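Trainee: Residue-level listing of the chains:
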Amino acid sequence: MSKDRKERVKEIKAVLEVAVLAMPKERASQEFYRNAARKAPGELSKRIFEELAQQEEQHEAKLKAIIQILEAELKSLE
Amino acid sequence: MSERTFTTDELAQYDGKEGRPAYVAVGGIVYDASQSKLWRNGTHVRVHQAGADLSTALQLAPHPADRMERLPKVGVLNAPAAAPAATSSEVPWYAAFSYRMHSHPASVHFPIALCAVASVLQLAALVLHCRTCETVASWNLVLGLASSPLPILSGLVDWRFQFDGRATPLFVWKIGLSAVFVVVGAAALAIRFFGGEGMGFLYDLLVLSFAPLVLALGFIGGRITFPT
Numbered sequence: 004m005s006k007d008r009k010e011r012v013k014e015i016k017a018v019l020e021v022a023v024l025a026m027p028k029e030r031a032s033q034e035f036y037r038n039a040a041r042k043a044p045g046e047l048s049k050r051i052f053e054e055l056a057q058q059e060e061q062h063e064a065k066l067k068a069i070i071q072i073l074e075a076e077l078k079s080l081e
Numbered sequence: 003m004s005e006r007t008f009t010t011d012e013l014a015q016y017d018g019k020e021g022r023p024a025y026v027a028v029g030g031i032v033y034d035a036s037q038s039k040l041w042r043n044g045t046h047v048r049v050h051q052a053g054a055d056l057s058t059a060l061q062l063a064p065h066p067a068d069r070m071e072r073l074p075k076v077g078v079l080n081a082p083a084a085a086p087a088a089t090s091s092e093v094p095w096y097a098a099f100s101y102r103m104h105s106h107p108a109s110v111h112f113p114i115a116l117c118a119v120a121s122v123l124q125l126a127a128l129v130l131h132c133r134t135c136e137t138v139a140s141w142n143l144v145l146g147l148a149s150s151p152l153p154i155l156s157g158l159v160d161w162r163f164q165f166d167g168r169a170t171p172l173f174v175w176k177i178g179l180s181a182v183f184v185v186v187g188a189a190a191l192a193i194r195f196f197g198g199e200g201m202g203f204l205y206d207l208l209v210l211s212f213a214p215l216v217l218a219l220g221f222i223g224g225r226i227t228f229p230t
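Those sequence lines, one after another, are chains A and B. For the first sequence, my numbering assigns the number 4 to the initial residue and increments by one for each residue that follows. For the second sequence, my numbering assigns the number 3 to the initial residue and increments by one for each residue that follows.
To be clear, the hints were calculated from the coordinates, so they are not data collected in a lab. Since this is a predicted model, take the numbers as computed values, not measurements. Beta carbons are placed, not taken as given, at the ideal position from N, Cα and C, and that holds for glycine. Worth double-checking, as some hints may not be accurate.
[As the list claims (entries may be wrong)] Some but not every residue of chain A turned toward chain B, in silico, with C-beta under 8 Å:
(1) Val12
(2) Ile51
(3) Ala64
(4) Ala68
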């Protein structure tokens, strides 16, 4: 494997690790906001927390997509 | 006119290079991006290449997915659709419970502390020729190893379901060193309680090695929990 390729593989692995480590935090945030929505005293705050939970769910989905893309690129380089 | 069906290999030929058309598949539909200024030479924003299924990549796009509808459709892709990104609802209840109760961080400090203390006491036994220190060190070792199954199991469950079992370098090191921990511990106990004469040096070495080993495990655990 050429030096440039090795560097690229190393770079991708580092970014991949960042995305993998971030995933449980997104899930925990989702649960946090969903719990808050359940306990929210009013309709407005409930809706806001539900919206925040949905945004965290989208973050998690994007992280998963990033991971899929990086793994595919890693596979093509190795 | 019936729509054309592309296989993945056929689609790859329409990469927009050297005058070839630039086709892109999203959600099973193949679009012709050849005339789009945003797909010059089959490349989009210097990242995405034509001739491929970009369903997954579109999830990261700063523009809405329906932007693809502006491009003419030329067929359908005959390939398994990319699986939608899984979300937290797919983690089994026991894994979610383990993570919520912090099973791993709550239990892992017992074997780490007990085995680290075993190392320190073993060193004291060697330096001070203290038999009591050696005996207490061995019981710390027994308790440390006896308390290790729960953190090891909960760690593996967390790795599998919270981190999707991905073998990134940190997890490779954590799991590898955990295996070393188990092997070294079992060897040390075997020597201590069943070993013969002349194995004292090896036993001392194994017990002393626990201090750096559990420190390394704790450090890696910290990197996973508090990434920088």
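Trainee: The structure should be examined with respect to each hint, and the outcome stated for every one.
Mentor: Status of each hint after checking the structure:
1. Given hint, Val12/A at the interface with chain B, is violated; its Cβ is 12 Å from that chain's nearest Cβ, farther than 8 Å.
2. Checking Ile51/A against chain B: minimum C-beta separation of about 20 Å lies over 8 Å; hint violated.
3. For Ala64/A, the suggested interface contact is upheld, since its CB lies about 4 Å from the closest CB of chain B, less than 8 Å.
4. The interface hint given for Ala68/A holds, since its Cβ lies 4 Å from the closest Cβ of chain B, which is under the 8 Å cut-off.
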